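K.L.:
Chains A and G are the protein sequences, given in the same order. Mapped onto the working numbering, the consecutive letters of the first sequence carry residue numbers 1 to 372. Mapped onto the working numbering, the consecutive letters of the second sequence carry residue numbers 1001 to 1408.
It cannot be assumed that every hint is accurate.
Below 20 Å or equal to it, Euclidean Cα-Cα: the simulated SDA-like pairs (lysine to any residue) are [claimed, not checked]:
no. : chain 1 : residue 1 : chain 2 : residue 2
1   : A       : K291      : G       : E1330
2   : A       : K82       : G       : Q1075
3   : G       : K1298     : A       : E287
4   : G       : K1081     : A       : R75
5   : A       : K61       : A       : Q214
6   : G       : K1283     : A       : E360
7   : G       : K1367     : G       : V1344
8   : G       : K1298     : A       : T259
9   : A       : K349      : G       : Q1075
10  : A       : K291      : G       : T1316
11  : A       : K323      : G       : K1367
12  : G       : K1081     : G       : N1068
13  : A       : K323      : G       : K1081
Since the hints were made in silico from the structure, they are not lab data. Nothing here was measured: the structure is a model prediction, and the numbers come from that model.
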Amino acid sequence: MVVNYNVLGLIFASMHDTSIAELTKQRTMGSILFGGRYRLIDFPLSNMVNSGITEIGVITKSNYGSLLDHIGSGREWDLSRKKGGLHLLPPYSQDGGIYRGRLDALSNVWSFIEHSPANYVILSDCDMVTTIDFNPVLEQHESSGADITVVYGRGLYNAENNHSTNILELDGIRVKDVLVDPQFSGECNMSLGMFVMSKKFLKKIVFEAVSRNQYSLIRDVLQSKKNEYIICGYEHKDYFSKIDTLLNYYNANLELLQTSNRNALFKKDFPIYTKIGDNGPTKYGLESNIKNSLIADGCIIEGTVENCVLFRGVKIGKDTVVKNSIILQGTEIGNNCQIASVITDKNVKISDTKVLTGSETCPLYIGKNAQI
Amino acid sequence: MYIKKKCVAMLLAGGQGSRLYALTQNVAKPAVPYGGKYRLIDFPLSNCTNSGIDTVGVLTQYQPLVLNEYIGNGQPWDLDKMHGGVHVLPPYESKSGASWYEGTANAIYQNMRFIERYDPEYVIVLGGDHIYKMDYSKMVDYHIANNSDCTIAVIDVPYEEASRFGIMICDENNKVTDFVEKPKQPKSTLASMGIYVFSWDKLKKYLIENENDANEKRAKGEPWSKDFGKDIITSMLKDEQRLFAYEFEGYWKDVGTLDSLWEANMDLLSPSVPLDLYDPSWKIYSRNNNMPPQYIGKNANIENSMISEGSNIDGTVDFSVIFSGVTIEEGATVNYSIVMPGSVIKSGAVVEYAIVGEDCVIESGAKIGKSPEQVENRDDWGIAVVGHNVTISENKSVEPKEIIGENK
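Pulled out of the complex, with its shape left as it was, chain G reads as follows:
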């Protein structure tokens, strides 16, 4: 028996996150650690629960092991429900054969039966790689009030950054008149956040049309795609459907690159950034690994940092985000860096402007990264990255911009 749901959320979590390189070699992007005790997917999942949306399909494809294990039955996010709850939806084999997800629209198309079971009025489509707190129920209300067919969450970005995003051009009522993916000369600064609310009957229609259309093109050897922004939104605009932009105000960060992942973590240490992880009315939930409280030793020196459970800190930590179960020995220094769960920074090692992945060992005397002031040519400066499960031997160094995926 299925109980009708007003809204079903579909979370696109299949992306490879290839620009995160060493951090996504064996892990899907939404499972990348963030903010001391979270993984990226905690944000959309917690937003769903806090918005009263209790039915979520998570579309996985690339390296799903860690992500599947992490989501489990959804209990940490209160999504272990009798009716609804969180469901991991990997690609599957059907009578007509097996097929990988061939784009964001195709991933939803292949799971239309999952959605239909709940007979929803609205479907919310979410990404798994953004940091933000948002009440989706308000966006659904806005969608209903505008009698919209599709509502796209947008955020006003600085003009110089606008060409990195999908840009919505709207009339004075926020009705979308045009959509351009990464325009060279943007006509607006309203960037799509990759969050869509669709009336399900409309979405279904366009998914089927796109699927048939793309398959025909493929058969003819023409270029084809099955993508939300590129195909579904464009077709709906062409057919003069009612598309509205929902303006979001607040903190939103795309963590598509290593630099932006580092920045998003550093943002947590800035008092001017409005992302509150301590608000009891909108908690960000995560899976807990039952570690004792953090121990700060006699030789520790900690300033402006975030540190999580199970860590043992006896060194110097400045402007850094330290995840659970990290050891920083006496005489080790960590500045402006992110150290992911389970890593050990040995005595005498220096980690600056760097990301250290999960379960790494930075041996004594090793140097990871440099501050911008230490680099002669500013163009040579960037974040140094050590991938998961990597050991950096004694006195070895990892230069700025260098990305290490194997032991050094």
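One chain only, chain A, in its complex shape:
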């Protein structure tokens, strides 16, 4: 891998925040905790860094305290750089309010984009968990002569369960139409919320849209200009998971218990970087019983854990049974508890002998810092 100064990465940390209101009450989409030790923004950041992109702007909106805390200077992604590096782009807009769509946001940070020496731009949202090398995408973009390349994957779409999903209708690699949350279910081409274009082209569509008081990349460009511009799709054939509802969040975490999914996400030569916690290793007690679980460092487990994802610093007491649950960072569960199909947010304290049960189709969510 070589450093590619010709591509600028732009990440929308707050796109689709409203999809998972529970988890984004106190944080952005990008800072939602995922997979035991990550936050969602780690995936687009690591994908870009591993593809050689070292100049990245992160566009924030509101509630971005946890995001600032997480990414800091960008050092953990090797982005604390003199040349390029990580730039946080706070949410202001021309008229003083908060931006409405991607194009609005881009026009507000245009001076940053303009300053970059890169001739290409990759836009990415934060609601997609996947590992992708952008170099083949850039190559296809170049060779196809596309104005915009949209990354998509073949996946099962369900109108009931999915939220703010863009479905591509393709003819070869040409995108013929883009549907937003259509009322059908089945396998289709789901947009992964990643777009490649030249900076010159991006400038044109951003300022054209702004001059007409338009702000949506999907509605005002991909849909309404589909015949005017060459819009192509790039198929990403690897594992991906869209985090757009609480149930999908729950399932996406549990999908990591399948070895094939973990192997697709966590590749040896393609590390997913995150903020380091400096926790000790995880300690398993004399009577612990662990089956089929993904467990981060710094946990102390005395009880039974089955089909769970445990984040850093979780404590599980004696004779407690935790099943099919997502236990976020710093949660402490006492002795003799029965926990099933639950998502506990950060630093939840559950005292001895409590019984909490959700269901696999509707997991019980317990908010940050709750004491039970």
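Keeping the supplied structure of chain A fixed, place chain G upon it in accordance with the hints.
P.N.:
Using the frame of chain A, we list chain G on its own:
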């Protein structure tokens, strides 16, 4: 421009660690893995940062590649500083010629210019092969309060073990009156921990004297040495300098041998051992290698063990410390053992009372080590050790006390 520092720490990391054999063939002793995700040097470096000491010289000599790479710019320990920070100090060539470090005192002597740049009042001398958590700033305060020239950290050891250590004999005010290296009949049980605080002007004086003295002896063909305990401390005592013992209470373990390295890891699994790796106010920092969380499979059976990131466990793990990126397949058994980063224990292999080095492969059916009960004569029992990057073939076995450095 150099900003004056009150304290500079000098960490002696050049030792070969020859008693760790197979684990230190290509790696300096302070880079030996410990405790699931650490290397030995994480303890003194983290102690420095947590004690507010931000200027550390690391003296390296033996096989420094892994250690240098590991320390890097010191960022994991917060020692990437504008002023001070961590500096690796290997031996160098000067106008008068090149010379290896000829002992612990000589290593510091050769780096006096490094220390002088920071114009410190006190110099802390540390080893790189002990496991402990200690606030050095309290020891410096004690040094100042006693108007001491040299303060030596000591720990009370059982009488029967005292002859393994350098022993300090003190008066009722903890003023050191005598120092004996590994005495046959110890007069005290206060063992030196190899941690010294010196007033820099005094240390400088004695380093120069020792250097000149030893070089004269060498020229005359007499025996000479340039060592802290043997030479500097002894000379200071002879000159009636003020030396004080600073008593340390808490967990301290010398990991000079394979047995003690194994024991120090097993200590982490004992609830009665007071070494807390989970205390947020005194974290032990280490370089992280960005691995996903550990996955514990459907067939796994884990009891009283420590396991680190990136590991895949589907076998039986009992009373063991498993480092990052280790695979233990279904049907493999690991008991009372240490498995270092990146190693694979294949289905049907049994590892008991053993140390398995980094990136080893233990093929199916192989047997490493035995429990004491399985050995007829207790004298034949000991830890089995597989060095780094070693493959043990199918159905081969490594006996207790055996140390394997090459594929078998």
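K.L.:
A separate judgement is required for each hint: does it hold in the structure or not?
P.N.:
Hints, one by one, checked against the model:
no. : hint                 : result
1   : K291/A with E1330/G  : holds, 12 Å
2   : K82/A with Q1075/G   : holds, 17 Å
3   : K1298/G with E287/A  : holds, 17 Å
4   : K1081/G with R75/A   : holds, 15 Å
5   : K61/A with Q214/A    : holds, 18 Å
6   : K1283/G with E360/A  : violated, 38 Å
7   : K1367/G with V1344/G : holds, 14 Å
8   : K1298/G with T259/A  : holds, 11 Å
9   : K349/A with Q1075/G  : violated, 33 Å
10  : K291/A with T1316/G  : holds, 12 Å
11  : K323/A with K1367/G  : violated, 35 Å
12  : K1081/G with N1068/G : holds, 17 Å
13  : K323/A with K1081/G  : violated, 46 Å
Violated hints for the displayed structure, listed by number in ascending order: 6, 9, 11 and 13.
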